Each structure stands twice: as C-alpha cells, then as structure tokens.
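If you read the sequences in order, they're chains A and B.
Here this note's numbering runs 4 ahead of the position in the first sequence, where the first position is 1.
Here this note's numbering runs 4 ahead of the position in the second sequence, where the first position is 1.
Mixed in with the good hints there might be a few duds.
Copies of the same chain look alike in the list, so a pair counts if it works inside one copy or between any two.
[To be verified] Pairs of lysine-lysine, BS3-like flavour, derived with a Cα cap of 25 Å: (1) K105 to K332; (2) K44 to K76; (3) K105 to K25.
Hints in this document: simulated from the structure, not taken from any laboratory.
Given the structure is predicted, the values throughout are model-derived calculations rather than measurements.
Protein chains: 2
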Amino acid sequence: MAPLNNEKNQLFLGLFIHSIKLGELQYLRDAAVCVDKSGKIVAVESEYDQKKAEEKLYPTLGWSASDVAVTKAKDGQFFFPGFIDTHIHAPQYPNAGIFGKSTLLDWLNTYTFPMEASLSSLPKARRVYTRCVRQTLAHGTTTAVYYATIHVPSTNLLADLCLSMGQRAFVGRVCMDHIGPDYYLDESPAQSLAATRETIDHIRGIDASFALVSPILTPRFAPACSREAMTALGKLHRETGIPIQTHISENKDEIELVRDTFPEAASYADVYDAHGLLGAHTILAHAIHLSDAEADLVASRGSKVSHCPTSNSALTSGEARVRWLLEKGIAVGLGTDVSGGYSPSMLLAARHAALVSNHLAMPLGKWADVPAAERERAKLSVEEVLHLATRGSAEVVGLSDKIGGFEVGMEWDAQLIGLGLVDETPGEDDMTDHGNVDIFGWEGWENRVAKWVYNGDDRNVKKVWVRGRLVHERA
Amino acid sequence: MAPLNNEKNQLFLGLFIHSIKLGELQYLRDAAVCVDKSGKIVAVESEYDQKKAEEKLYPTLGWSASDVAVTKAKDGQFFFPGFIDTHIHAPQYPNAGIFGKSTLLDWLNTYTFPMEASLSSLPKARRVYTRCVRQTLAHGTTTAVYYATIHVPSTNLLADLCLSMGQRAFVGRVCMDHIGPDYYLDESPAQSLAATRETIDHIRGIDASFALVSPILTPRFAPACSREAMTALGKLHRETGIPIQTHISENKDEIELVRDTFPEAASYADVYDAHGLLGAHTILAHAIHLSDAEADLVASRGSKVSHCPTSNSALTSGEARVRWLLEKGIAVGLGTDVSGGYSPSMLLAARHAALVSNHLAMPLGKWADVPAAERERAKLSVEEVLHLATRGSAEVVGLSDKIGGFEVGMEWDAQLIGLGLVDETPGEDDMTDHGNVDIFGWEGWENRVAKWVYNGDDRNVKKVWVRGRLVHERA
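Can you build the whole structure from these sequences, using the hints too?
What follows is the structure, given as structure tokens:
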C-alpha cells in the first residue's frame, strides 16, 4: 500500500503566501500553481488567471484542460504551506489541557506514563490516534513528527492511520529501558532494539520508500535509556540513515537527573553525542537551558531543535532563546508537544513562539540588566514565527527541499485559509459564525496575516492537501 | 427604555459549576436553579429534577408550571457564571492581533489613537461596537467594563447597543486633555468634563437606575489628563458615586513618563490619589510594576486591579504578580484589554493568567535566586483563574452581591457550556465539529473543566443569559 498518485493534475489560483526567509513573507497575488499527479509543484507564476494558465502553462507541461482539476481561492482566502509539527506525542492527545501545576518529572509520572501505558489497547489506540491525526490535519498540520508509545502494534497502527488519512509523518516507537515506571518500560536493551526494528519493518511494508510515512528512532530522553540501548540506536542510525528524535534540556530537575545518571558526561548534549545520537538527522525537543558549550556542540553536529513554546509555558519549563539558537547556526522549527503543550494547533505554537519571545524580552526578566535594544532583539515577529512553523520545521525534519514553501520541485503540502468579513451594516441579531478572525476590509494583507496568527483557529482552515491529495475539507 | 422583565419565570436544571472561594469550585450536580421574571435567583437546590422542583419549589415561590420556562443542561453540559471583563477597549476591537513588536507608548501612537479617532464616524462605530458586543457575548462575557473614545455620540451609541443587545456594561467616555495626539484630544478640562457629563446624562436617560448599563469615569491614564481634569473627575466621583477606571503601571517607559509629567508625585499611584481618583470604586488596569509602597496605598484605598495577562504578554509589558497583589489585600479581576490583548475571550484571559503566572515562577526568571517553593507559589491554578474571571471580577466592578456565582439573591448572568464527546468507534472520515475540547468519557469533572479552560472557545458557549434574558444562542 503506497501513496497513490492523484487522478488529475491540479491548478491552484489566487493569493499564495509563504516565507522566503526568516522574517520575510512573499505574497504571490493572482498567482497560478500547477501540481502534477504525483503531487509535485511544476509551475508557480504570478499574475495568471485560468485562461492564461491554460494558454501558456498547459502546453509546456503537456496538460490538457480535461485532465486538470482547478481550485480557486475566494476573495479573502489564501494558500499557505502546511504546518510541520516537529514534536508531538500522539498517545498523550486525550490529556491535552490536563497538567495542573505540575512540572516535567511529576507530570510524566502523574499524567503521562499511565495514559501512554493504556494505549497497549488497540481499540483505545485507534480511537485516540484517529482523533489526533484528524485534529492535527484539521488545524493545517500536513507533517507531524510523532512519538507513539513503547507498544509495537499500536505504534504500527498510528503509522497505518497516517498513511490512510494522508498525513506526512515520522512515527517513532518509544525506547525506554532504564529509568521509568515498572508498568511501562522496555524489558531490556535488546528487546528495545528488536521492537524498534519491528516498527521500522512494518512501515517499510506499508510505504517502502517512506514517501509519506517514515520511521524515526526515538530514545525517549537520556535518563529513560540505558547506555546499551542508546549505543545500539546510534549504530542503527548509522546503518539505516533513519532519523532520530529525543528531548534535551527541558527542565532544571531533568538536567540534574541526567547529571546524576550519567556522571561521566560533560553535559546533557554530550550524553547523546557519546552514544552516536547527535547528528544532522537528530531532532532535539526543547533545548531551553543549554549552555553555550552545549549549543556549540549541537551546532557543530548539525542537530536540529524543536521549539515547543506552548508546552514550555504550561509546564513552567522555561523560555527557550530562539534567536540565540538561530545565531548559533542551529536550525529551529516548532512543535506542539501535545500534551505538555495543551493544543494540537501549530498556529497556536507559532503565536506562542512570539509571546514567549516577548517574555524573554521583558525588562523584569533574567535580562534585567541587559540594554533594552539587546532584549528587544529576542522578540520574534509574526513573519518569523510563520517561517519557523514552515521552512524552519522543514529543515528540522530534513525535508527543506520538499515542503515548507511554494517552489517548483516541492510537493503540494498546503492549506487554504479563509478569514471572515464582518458585515458592512450589522443588524443587532447578526451572528456570522466564521471563527474569531474578524476582517473589516480596510486591513492590508500584512495585518490580515497578523490577525490570523493571533485569532485564527481550525475554522479558518478550509482545505488541506498533502502531496496534492485533499486530506481535509471544512464544510 | 429600561431593561424589561422576562415573560416567564425560569427553571434551570443540570450541573452547575461556580467558584465559592479562590481555588475552590463547587459542583452542584442534578441541581435546580429558579430565576424570577426580574432575573433574580430565588432558589438553588441540589439533587432536584423537574418534578421535584414543581412539587417542592413552585408552591413556595408561588409559581405555576404554565408560567415557567425550563432549560435543561444536556449530558456533558454545565452552567457557569458569565464572565466579567473588567477592562476592554471597544473601539480598538478591529485592531485585535495587530500590534507588531510594539510596546505601550509606540503602540498607542501607531495603532490605537488613529483607530479610536476614526470612531467619530457613527456608522463605523455602529459596525465596530455591534461586532464587539456580539463577540464578547458569544464568548460568555455577560458584563464588560468598556473604554469607548473621546466622542460623545459614539460612546452613547455603545451604551445603547449594550442595552439593546442585553450586555451588562460600564461605558466610559475617555477623558484625555493633556498629552496625546493633536487630532485626538479633548479641548480643555472643562470640555472634557462637560462631555463626560453628557454621556452620564444619556445613560441615565436610557437606564435610569443603571440596572444594566452604567457610566464610568474614565481618565485615560495619568499622562493623558491635566491636573484640572483629574481634580474635576475626582469631585464628580464624590458627588455621584459613579465608578472610575484608569490604567496604572503597565510599562516601564510609561512609568517614566508619569514621573516626568508629575514630578511632584511620590509615585504613579500617588498621582491618582492626589486627585481624588483612588477609591474603593476605582478599577486600575495592569498594575504590573507597582512598588511595595504603591501596592500598600492601593490596598489602603480599597481600589481594585484588572489583571490583563494576554495584553501584558503581547505588548511585552511584564508579568503582574497576582498572588502578591492578592496577599496585599487587593481585589483582582481579569480583563481582555482588547486590543492590547488580541482576543475578546475572557476564557483566554483566564488561561493566560495561569500561563503568565507560570512564567513568573520560572527558575530563569527574575526570581532566579528565590527558592523553588516560593516561586511555585506564584502559580495560579485553573480553579483560581476561573475565580478571578467571575467572583474576582465581580468584586472589582463592585457587584459581588449580584453576579459571579449561583446564589439566592444574585442575578442570573450565566453561560451554558457544552464540551464535545469524541466518537467511540471513529471512522476515518469522522469529523464531528464541536470545537477543540475533546472529551473521551473517562475524565472526571475537574479534568473536564481544565480541558475547557485550555482548549475551549466560543463554540463551547451554547447559551448566554444576562439578568435572566437569553442574549446569545449558538445553533
């Protein structure tokens, strides 16, 4: 069962907005984007209507009009690249919003491990994973990097669901054979590795070239993994090229636990490095409290960071210094980190990336003695956080040549966004239900995008495509 | 035109949740609440169904069943007190989400004053205010404390709209006759006062007893007001008892501006105190950077604080120390502060009150040297922020005997909240659109409320009543 080609070639017409570099959105007005049956973008042209596309583009592409499906953005709508969630725990989805006043280590024991352990039940896993994939798609997430659980059958089911529902995904069976609860732990390093291989084989069986769904090696976080297991995973990575995801430096107590558990290591980052897990295909979630030396090590290895601001605020973890990471030369993308983060929305993660950067810049903060101009540099703009959610995340997952923007040669992973227009002459009983982005008509597109980032939700996501296939549509 | 009585008495049945003290929600299960035609709660009983209410309560109340309208919460729904937004700028509603990287003073000049000035146009004011009142009602805000603009006619229109749409409101014509843009400033202290009186007279004309809509004296903030204007407003307050709203200590540059403008004053709070504006009926928005002495002064005067966390994060203003204010003995409620805050949702303000309190508690923060236990005390729980949004805000607006809870003698300002149940056996194409609160069925009510606080939106607000009148309903 491999992802099928689409029945027709496709022409998309209207306004296209995407990030072309950190802080700069490009607005392609009255544009035409052609997508072939394999889902690949084969033409991007501005100031084109359907007639012009038929006359000028179809002949070059060898297309005939009868073999082309046309989708036009309505007035007030725009196409935007699909969001790429670089860190989300699918089995924790039912716990979204449930974390009390906990912080990482007690949160794991109180809420997370019991929920994950219960996903050994396949019917429960089907219910939870179906809803999780459905909801992330509905929020415009076209690619998700999933942690599953330690259970092979339900992890494989998650991969099946992503494939059938059409979401591009990295699916990781969780490896944890060291520190963890008795009721939820791999039996041994060998069993941990064997189970990991089982899921890899399963995914190879359903999507041989990993065109849509790929396995990802998933040592939970350093303290949860034995040295043997990490060494074996590092070896497997070198043999197969399969990417790696894990956590780093999320919480002060966690960092102390790492120090106590691996007294031989120079730092948290060094634990991964020593076991061959810190490479150019490694996604590190959080990276809040990295030292300068650790950040330099991460940068030198080419490892990537998944910034999860919603989670970091919710679990009182800290404020990651995104500008600082970027200036170290580290690629940074965004993650929802459900259910440390309470929402599957990547638009919310982008919004929170801006808000948390504001908290970093507050004069009462840790930078109280830093001059205002220097503090202000920490702040991330709307344009910057949208870059992180698309291009930045694409780089983090190693697909920057394929997704995250509208360019010839890339694949059509996109969302159609619609914003609501407030009635010109309202009656007192007027109640248009178009979500919470209220456009009055005088706003320029820069301000409309800002309104979307701050008040948008799944109601604004009208259609979603992955590799050219329509995977979500809102009536 | 005074608020009319309802045609029938009303019986509400089902689960009622309200705060009974800071941090403690009460769950009234299978309860009955009786509301008379004037909108007053006349009975609250647990473990009652309709039959029992008819048999035991109606005779006591002198009700006959034919004269009672019955509303039952469905399974999974609950009644909650309406939210009380203690600080919202209605004319800034169209700017929600538009603030870039600005902070208070440049935000005022770049975005806010031009928008407010444009509301001199009555058709524009009608469109903006109708949408603002409609949207706040749709988000469960039954009482709003509004800043309008300096314009009398459009301020009066806002009062008219609140009355006709049924929202309990305090409506303030903005006084600013000192520092401000040439194009948007009162002409003189005398004109500022006369215009204020005009709006008071108008509101007295449409709602003589201020049963639903009340005027509120609104010196914008100290630097915008001359000493003469503030003195006159203080005098007017003493003569009429009409409450006061203003801003305090939101931003470091603002505080410097106050210091430069009022060199004779000991502090920002002292400016208001010296002009007779710091009393038990004064609402102070923000109060982020108060000194100990200022907080003590505010407490001794009995003035109240409107905490606006969404705004404070958006404009990089700071992290208000709510626990500290409460321990000073100051009443604290919540405000959306649209459009410093980007959303009209008080549920979001409550959520952000919790998140911002987490930022206060972060070990990298200004309290880096403070022991963990002390830092953790800053954190506000779900139960605490819901208290602030209802009971706390009721105290701030001086109506704690009337609204904010379900008690005999209070008025029926309430919302019916519905949470969505995820299908038991999902199909791949299942897409129930019930908003973003996904209930799986195994969650207890404490966790359901947490899910609502973190992922709820206007889709969960099924019905809204003010003084017993149904003012919003979602199909």
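A quick look at each hint next to the structure:
1. Taking identical chains as interchangeable, the C-alpha atoms of K105 and K332 lie at most 25 Å apart only when they sit on different chains, with a minimum of 23 Å there against 33 Å within one chain.
2. Taking the shortest Cα distances, K44 and K76 sit within 25 Å of each other inside one copy (18 Å), while across copies they are farther apart (53 Å).
3. Proximity of K105 and K25 under a CA criterion of 25 Å is satisfied inter-copy only: 18 Å between copies versus 38 Å inside one chain copy.
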